[in-house]
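Engineer: Generate coordinates for the entire structure from the input sequences, incorporating the hints supplied.
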Amino acid sequence: MWSIVWLACSGPAETPTVPTPTEVEDTTEALSVLIVMDNSDSMVEEAQSVAIALDSLVADLEARPDTVSVQLAFATTDVARRAGQLLGAGVLSGADLSEQSQAALLCEGTCFTGATAVPAAPPSYSCGDPLGTFLTRDYLDCTCGDGAWVDNCGATTEEGLEALFLIGCRASASPVQACTDADSGLVDEDLGGLTDLVEGQRWVVVIVSDGADASRRQAQEPTAGTYVDLLTDLGLSPEIHAVVPALTSAGELMCPGTGSDWGVARYVDAAAATGGQAWDIHDESCDTLDVGGVLSSVLGSL
1 MWSIVWLACS
11 GPAETPTVPT
21 PTEVEDTTEA
31 LSVLIVMDNS
41 DSMVEEAQSV
51 AIALDSLVAD
61 LEARPDTVSV
71 QLAFATTDVA
81 RRAGQLLGAG
91 VLSGADLSEQ
101 SQAALLCEGT
111 CFTGATAVPA
121 APPSYSCGDP
131 LGTFLTRDYL
141 DCTCGDGAWV
151 DNCGATTEEG
161 LEALFLIGCR
171 ASASPVQACT
181 DADSGLVDED
191 LGGLTDLVEG
201 QRWVVVIVSD
211 GADASRRQAQ
221 EPTAGTYVDL
231 LTDLGLSPEI
241 HAVVPALTSA
251 GELMCPGTGS
261 DWGVARYVDA
271 AAATGGQAWD
281 IHDESCDTLD
291 VGGVLSSVLG
301 SL
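Numbers 1 to 302, taken from this note's numbering, label the letters of the sequence shown in order.
Any given hint might turn out to be false.
Said to hold, decoys possible - Simulated restraints on C-beta separations:
(1) 252 x 117: 18 to 24 angstroms
(2) 130 x 93: 30 to 36 angstroms
(3) 284 x 124: 37 to 43 angstroms
(4) 216 x 174: 20 to 26 angstroms
(5) 289 x 216: 25 to 31 angstroms
(6) 183 x 127: 40 to 46 angstroms
(7) 29 x 254: 32 to 38 angstroms
(8) 124 x 248: 44 to 50 angstroms
(9) 195 x 124: 43 to 49 angstroms
(10) 127 x 181: 43 to 49 angstroms
(11) 232 x 151: 34 to 40 angstroms
(12) 235 x 134: 41 to 47 angstroms
Think of the hints as simulated: they come from the structure by calculation, not from any bench. Glycine residues also receive a C-beta, built at the ideal position from the N, C-alpha and C atoms.
Structural biologist: And the structure:
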């Protein structure tokens, strides 16, 4: 945009000044959202809720007037088995983004303990039909392969922040020594292959869990300083949001039995330290909320 300013002169003739460009701040952004799901057996309904909500979530993100592109990625809090690997095809984008996302989450990141845990589809179902609002084993068999979606359950120990650090090691152009130490389990060949997850992106991370973090690099501490510092050392600045059990003002769980106080507090601290927020996964009666709806609120707040 050009702006012309006319100045008055004291002489008989008026001479216009040379037009100078006015800088307009570019407020558009490329948005990269990583969803880290707790894939324990207590989170099956929550994962289904997220999967069913993905059609509307993706549509809302792509409709944002300030967003020029949207990409999604999925991971789990299970470090023992996945070591920070992304689910599905990795960093997801394109016209079928919601379908890719649903497949990644349901085929690899949800703890279905048996085929009978999911109802059969009605006779009208045909392989290739969209997920819709009701999950069936016929849909899963079609999307994932017969029975391939069963028993993708996480390890006993939940390590959401360690998983995020290992993803950061895979995404950073400048890995640190801790990326390949004895705790990580990674080797040099694992590093640097996911730079498209973060480069040129506003990187938003949403951790979804009804439990608590027990990541290995910190003792039973309520703060996430070790992991925030490691991510900073990697040159990364994720905005972390945590959909987790709520804490009282005294730092105690409002809904007992969902994890350790200090482990939930660690997720909350990670969110606060990176400009994100903590979101309650339970209602006032300590029943789990519609997590797809909570995730919609999280992404709508960006």
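Engineer: Starting from the hint 37 to 43 angstroms, judge whether the C-beta atoms of residue 284 and residue 124 obey it.
Structural biologist: Holds: the Cβ-Cβ distance is about 39 angstroms, inside 37 to 43 angstroms.
Engineer: Check the following: the C-beta atoms of residue 29 and residue 254 are separated by a distance inside 32 to 38 angstroms.
Structural biologist: 35 angstroms, holds
Engineer: Does the Cβ pair residue 289, residue 216 satisfy 25 to 31 angstroms?
Structural biologist: Holds, at about 29 angstroms.
Engineer: If I claimed the Cβ atoms of residue 183 and residue 127 lie 40 to 46 angstroms apart, would that claim hold in this structure?
Structural biologist: Since residue 183 and residue 127 have Cβ atoms about 43 angstroms apart, the given range 40 to 46 angstroms holds.
Engineer: Do the Cβ positions of residue 130 and residue 93 conform to the proposed distance bound of 30 to 36 angstroms?
Structural biologist: Given about 19 angstroms between the Cβ atoms, the range is violated.
Engineer: Falls inside 20 to 26 angstroms, the C-beta gap from residue 216 to residue 174?
Structural biologist: 23 angstroms, holds
Engineer: Please check whether residue 235 and residue 134 have a Cβ separation lying inside 41 to 47 angstroms.
Structural biologist: 43 angstroms, holds
Engineer: Just tell me: holds or violated, for the beta carbon distance of residue 232 and residue 151 against 34 to 40 angstroms?
Structural biologist: 37 angstroms, holds
Engineer: Please check whether residue 127 and residue 181 have a Cβ separation lying inside 43 to 49 angstroms.
Structural biologist: Roughly 45 angstroms apart at Cβ, these two residues keep to the hinted range, so it holds.
Engineer: A range of 44 to 50 angstroms was offered for this pair. Does it hold for the Cβ distance of residue 124 and residue 248?
Structural biologist: For residue 248 against residue 124, whose Cβ atoms are near 49 angstroms apart, the range 44 to 50 angstroms holds.
Engineer: Go ahead and decide if the range 43 to 49 angstroms is satisfied by the Cβ distance of residue 195 to residue 124.
Structural biologist: Given a distance of about 44 angstroms, which is inside 43 to 49 angstroms, the answer is holds.
Engineer: Lying within 18 to 24 angstroms: is that true of the beta-carbon distance residue 252 to residue 117?
Structural biologist: With Cβ atoms ~33 angstroms apart, the hint is violated.
In this structure, the earlier hints numbered 1 and 2 are contradicted, and the remaining ones agree with it.
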